[in-house]
Amino acid sequence: MSWVRATARSWSGRVGLVLMAVFLMTVVMSYIWVPYDPRRVGERWLGMSVDHWFGTDAAGKDLFSQVLVGARVSLFVAVASALIAGVVGVTLGVISAITPRVLGESLAYFIDVLIALPTLVLALVLVGLFKGSLVTVSLAIGVSSGVVLARILRAEVAGVLARDYILAAHASGTSTWRTVRRHVLPNIAPIVIVQVSLIAALAILAEAALSFLGVMSRSRPSWGQTLGELQPHVTLHPGAIVFPALFLVAATLGFNLLGDGLRDATDPRLRSGGRGAGGQPTATGVLPDTAVVSPLVAAPPTTTTIAGTDR
Amino acid sequence: MAWFLVRRLGLLVLALFVASVIVFALLRLVPGDLAVVIAGTEVTPERLATIRAELGLDRPLLAQYFDWMGGVLTGDFGRSALTGSTVTSQLGEKLAVTAPLVISSTIVALAFAVPLGVYAAMRRNKADGVGLSAIGQLGIAVPQFLVAMILIALLAGSWGLPSQGFPRQGWDEFGRATRSLVLPTLTLAAAQGAILLRFVRSSTLDVLNQDYMRTARAKGLTRVEALFAHGLRNASIPVVSVVGVQLASLFAGIVVIESVFNLPGVGQMLLRDIGNRDFDKVQGTVLLISVVVLVIGFLVDVAQFLIDPRLRDGAR
Chain V
14 MSWVRATARS WSGRVGLVLM AVFLMTVVMS YIWVPYDPRR VGERWLGMSV DHWFGTDAAG
74 KDLFSQVLVG ARVSLFVAVA SALIAGVVGV TLGVISAITP RVLGESLAYF IDVLIALPTL
134 VLALVLVGLF KGSLVTVSLA IGVSSGVVLA RILRAEVAGV LARDYILAAH ASGTSTWRTV
194 RRHVLPNIAP IVIVQVSLIA ALAILAEAAL SFLGVMSRSR PSWGQTLGEL QPHVTLHPGA
254 IVFPALFLVA ATLGFNLLGD GLRDATDPRL RSGGRGAGGQ PTATGVLPDT AVVSPLVAAP
314 PTTTTIAGTD R
Chain S
28 MAWFLVRRLG LLVLALFVAS VIVFALLRLV PGDLAVVIAG TEVTPERLAT IRAELGLDRP
88 LLAQYFDWMG GVLTGDFGRS ALTGSTVTSQ LGEKLAVTAP LVISSTIVAL AFAVPLGVYA
148 AMRRNKADGV GLSAIGQLGI AVPQFLVAMI LIALLAGSWG LPSQGFPRQG WDEFGRATRS
208 LVLPTLTLAA AQGAILLRFV RSSTLDVLNQ DYMRTARAKG LTRVEALFAH GLRNASIPVV
268 SVVGVQLASL FAGIVVIESV FNLPGVGQML LRDIGNRDFD KVQGTVLLIS VVVLVIGFLV
328 DVAQFLIDPR LRDGAR
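If you read the protein sequences in the order shown, they are chains V and S.
Each residue of the first sequence is one higher than the one before, counting from 14 in this note's numbering.
Each residue of the second sequence is one higher than the one before, counting from 28 in this note's numbering.
Possibly wrong hints are sitting among the right ones.
Quick list of the computed label-pair ranges, beta carbon to beta carbon [as the list claims (entries may be wrong)]:
#1 V/Asp64 - S/Ser116: 31 to 37 Å
#2 S/Ala80 - V/Trp46: 54 to 60 Å
#3 V/Lys144 - S/Leu109: 31 to 37 Å
#4 V/Val54 - S/Leu122: 23 to 29 Å
#5 V/Asn200 - S/Gly111: 57 to 63 Å
#6 S/Trp186 - V/Ser119: 53 to 59 Å
#7 V/Tyr122 - S/Leu248: 53 to 59 Å
#8 V/Ile45 - S/Gly184: 39 to 45 Å
#9 S/Ile134 - V/Tyr122: 31 to 37 Å
#10 V/Arg52 - S/Thr101: 50 to 56 Å
#11 V/Lys144 - S/Gly184: 32 to 38 Å
Calculated Cβ distances over 10 Å to all of chain V for the following chain S residues [what the hints assert, rightly or not]:
#12 Thr71
#13 Leu89
#14 Val99
#15 Gly102
#16 Phe139
#17 Ala183
#18 Ala217
#19 Ser286
#20 Gly302
I should point out that these hints are in silico values taken from the structure, not numbers from a laboratory.
Every residue gets a Cβ at the ideal spot worked out from N, C-alpha and C, and that includes glycine.
Extracted from the complex, chain S is given alone in its bound form (with noise of 0.2 Å):
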């Protein structure tokens, strides 16, 4: 146990670091640096070093990044240098957006998912079982921008609810809140499930093929009460870790998400302000969003080791 901890806590700690080094890196990649910015098009050399040399863009890039890292070590994950106001700042505000979407929606995904998914597989040669694992099929094919167009174009008008925007006032105006959160959270629980659904099934019938289960059934249970006896807490065990890598990918789907239904949560503050080549501000949003997804990752891990005996036995 141990040793398993301090090999994952090592792996997180470098995983962290490696990702503050791609994102500083990635944005002096970048030609044009954040002066160029401020200072618009028509701007002479000497004003040009001057706002560098403000900015401390004129350092070296080593002293840059031991900067940054000195101020996210204490919790300040860099400001906007166009509106002055910190990354932190703003998050409270857009996760207030952000977060019930990403929570909703897995709940949604996994309530439809798991029991879906476990009925296709009992059910693998039969219409209805290969229909299901058709289905979640087509849900990995379609881009989650477009199920949001469908689903748009299908139940926003017959169902009466907004595809557009947020309340100003948040969640202070629960009714209205709630219901601009029903179409993204569909839409986001539909790529999640589908891909949740092919992988609940794939890891029931994994199950369904186990020598145990044999026996089960040998001493005299059905089909169904060997597996809800003895397979559903063996085929759960790499679904738990399948729902910690999506989270990974559900950020991606967020940024679009939040675009097509032009929500102000994190998403969107971050593709605006990629487009307003604000990088500080980039820089500090897409660490913290990546520290969210490592240690979300090292917790999902840890939980799986102490919940599989295989996997505690196989460290020793």
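One chain only, chain V, in its complex shape (with noise of 0.2 Å):
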């Protein structure tokens, strides 16, 4: 467990692992005890109470169970999210790196193509017309933002393979196969993990806006969709909407700052820097710095000073 302690050095990563432990607690819990049937109905608008932990909602829901029950929701979302865009994106990043130029170049371009579509209104349409199941928002997020994760792994893998030993391992036989298990795979895994731990928080945004709208189907409660049933009522019930939210934002907030955390404990260059910047949100998922600019503008190197800015 030397990452746990690795990450729990950093101030983020201390509260992301806190976060994240309570997220699944909740989880844990919804399966060993739910006070009430989450979608029974009785009295209408009850405060805090013995009975009622977190109160009742417009129809008499009791809210405990639906943010018990609703949790169940974001985790599937966030870790199916995450398997499928890790997969997409070591697969791409690695095979467009490590293919013949012409056939590497061509694929690298067709990732730009992707990612400069409008993904997530994409993904609103497919969830919307599909009447929306877990797995299609979960495919619909992994997809986008394993193209993404493609670019940046890219650039990575490009990098390890530049490298003396990768030389000497080729001089001495080594297949290409093997290289990328042995050298590539574990260089580049802790950028895997950083970025996967942010798309699990973009993929838990993604779902509780999707069954916020209403277009998820309705047949299991989640913390979108209750926060969405009490949105007409949020001027005359604003207490009703605290804890949904606040399950639903400290679930979000764990795993950026988890990813934030696994940064600062995997890249010891950012340690120093008091950064803490993390990665960046865009519109198809998070990047890091260097891959916001487009990279057909491909970023310059950092230690080149401008010419005529410094009179």
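Hey, can you piece these two chains together into the complex? The hints should help.
Have a look at this one:
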């Protein structure tokens, strides 16, 4: 568990781990004990009490039970999207870096095309028309974030492949596949873990927004759905949104901070810089600083000084 | 320069093509087609076939795609099969709500995020700098609809701002129209601003660690003078690209915000058409949004190329 200790060294990592633990315990709890059926209607707008810890909503459904059961949806979407993004990103990123020049370049070009598309709008259409299952959402978020991850990884893999020990391995007859497994994958693993954690947060937000809009299937309660049902009454009953909102924010914040903490733990260059800025969420997902500039406008070496600025 | 433009234009054209194929394919993947929606539940197979033939749905997919593209290239993005109105005719009226929302929220976000981000970077080890950065972190974790709900709960009553709808006369009722856009603008600006703030902060920090900043300090400039004379221009380069990239996510945000505040804009129209399964109109609207996003992405890249001399040299 050395990575836990390394992550806990930074402030963001510590908070991230705690929030993650709360999130996971909520899910575990929902399988052990839920006070009421989250869809059972009763007395409306009850405040916090021993019977209803978080009160009840406009239909008299118990909010605590909804929060417990809703956590499952968020966890599922987070894990599924992160896994899909990881597989898509690593596969595309490694292949586009190790294949011969023309093929690799075309693949990289195609990745750029996909990144430019407004994927969240496409995801909305897809989910809306398919009467959104969780698998559809996870696929939409996972694939679109995976493409962004692929672009980040391609540059990293190319960097690893240029190192001397790779040349040495190559010279001694090591196959490409073995080089990738022994040298490339371990080198890019920290980046993948960090990005995947940020993608999980993005997935939770996206699912919550879609449930809130009511385009997701209503068969199981989720945090977004609960908040969507509370929304028309928010001026009269603002207190009811507090707990569902807190749990939702805690989960996304947890994944975001965990990602930042993991980055600090795995990237010693950033440790002393005190940046802690973390990945930058963008249109399609989460990019590190270097990937935000379009790859065609390739990032210049940072040591270059700019002519004419220092008169 | 020429090579860069050719490559970037090629990317734009290819992306537009891929977008059109994806949009077209997505809507063909959906179980049940437009004919089923129009015909309703009690219908004979013969009647269904007649409707399909009328709509041209029985033709090969490739022919349907080229028909659609032929229309798009002449400015016809399709029409609603349910109401008969065209995508482009409705868009003008919807953009009167959506465009001011997009523009004003971007301006508000920039006006707050840039100074605060620079400040947070300058004072990164002080309590206020860390606090600002934490607010940015929190702002990213809070979904937009939640920001909207909190603003409605806190401000709608006390500031007397409308939290629902848009005046029917539109901008003819200027005062009411403006007031009804205040809370939506603040919501979108908060979400954008949080991301921008973090970005401005990290970009400024990068610049602060550069050698030329140390040289400027050694020349006798103060930290603030050095930053204003040499740092900000460099720090602004990645920020420009983020504003462009954010636009795509802004459209997703528009759908949510217009739904919460019940604004008759492009987002609400799209959501309603999805609900009505108005396939042709959804297809046209999404393609149009994609075109806007892709073209702006292109312009941002070109602008950046012109701003940053290093990129010009690197592309040779």
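Against the structure, the hints come out as follows:
1. Roughly 55 Å separates the CB atoms of V/Asp64 and S/Ser116, a value that falls outside the hinted 31 to 37 Å.
2. In this structure the supplied range 54 to 60 Å holds for S/Ala80 paired with V/Trp46, their Cβ-Cβ distance being about 58 Å.
3. In this structure the hint that V/Lys144 and S/Leu109 lie 31 to 37 Å apart at CB is violated, the actual value being about 19 Å.
4. For V/Val54 and S/Leu122, the hinted distance range of 23 to 29 Å is not satisfied, since their beta carbons lie about 42 Å from each other.
5. Here the CB-CB span from V/Asn200 to S/Gly111 is close to 59 Å, well matched to the stated 57 to 63 Å.
6. The supplied range of 53 to 59 Å is met by S/Trp186 and V/Ser119, whose beta-carbon atoms lie about 55 Å from each other.
7. A hinted range of 53 to 59 Å for the beta carbons of V/Tyr122 and S/Leu248 is inconsistent with their spacing of about 44 Å.
8. At roughly 41 Å, the beta carbons of V/Ile45 and S/Gly184 sit within the given window of 39 to 45 Å.
9. Range check, S/Ile134 to V/Tyr122: about 34 Å between beta-carbon atoms, so the 31 to 37 Å window is met.
10. About 51 Å separates the C-beta atoms of V/Arg52 and S/Thr101, a value consistent with the hinted range of 50 to 56 Å.
11. Our hint of 32 to 38 Å for V/Lys144 and S/Gly184 holds, since their Cβ atoms are close to 36 Å apart.
12. Every CB of chain V lies more than 10 Å from the CB of S/Thr71, the least distance being 25 Å, so the non-interface label holds.
13. Annotated as non-interface, S/Leu89 keeps its C-beta farther than 10 Å from every C-beta of chain V; the closest such distance is 21 Å.
14. Interface exclusion of S/Val99 from chain V stands, the closest Cβ pair being 16 Å apart, more than 10 Å.
15. At roughly 21 Å from the closest C-beta of chain V, the C-beta of S/Gly102 stays outside 10 Å, upholding its exclusion from the interface.
16. Every CB of chain V lies more than 10 Å from the CB of S/Phe139, the least distance being 17 Å, so the non-interface label holds.
17. S/Ala183, annotated as away from the interface, has a beta carbon of chain V within 10 Å; the closest lies near 6 Å.
18. Non-interface call for S/Ala217 relative to chain V: holds, since the shortest CB-CB distance, roughly 14 Å, exceeds 10 Å.
19. For S/Ser286, the requirement that its beta carbon stay farther than 10 Å from each beta carbon of chain V is not met, with the minimum near 6 Å.
20. With a least beta-carbon separation of about 7 Å from chain V, S/Gly302 fails to lie farther than 10 Å from that chain, contradicting its non-interface assignment.
Violated hints, in rising order: 1, 3, 4, 7, 17, 19, 20; the structure is consistent with all others.
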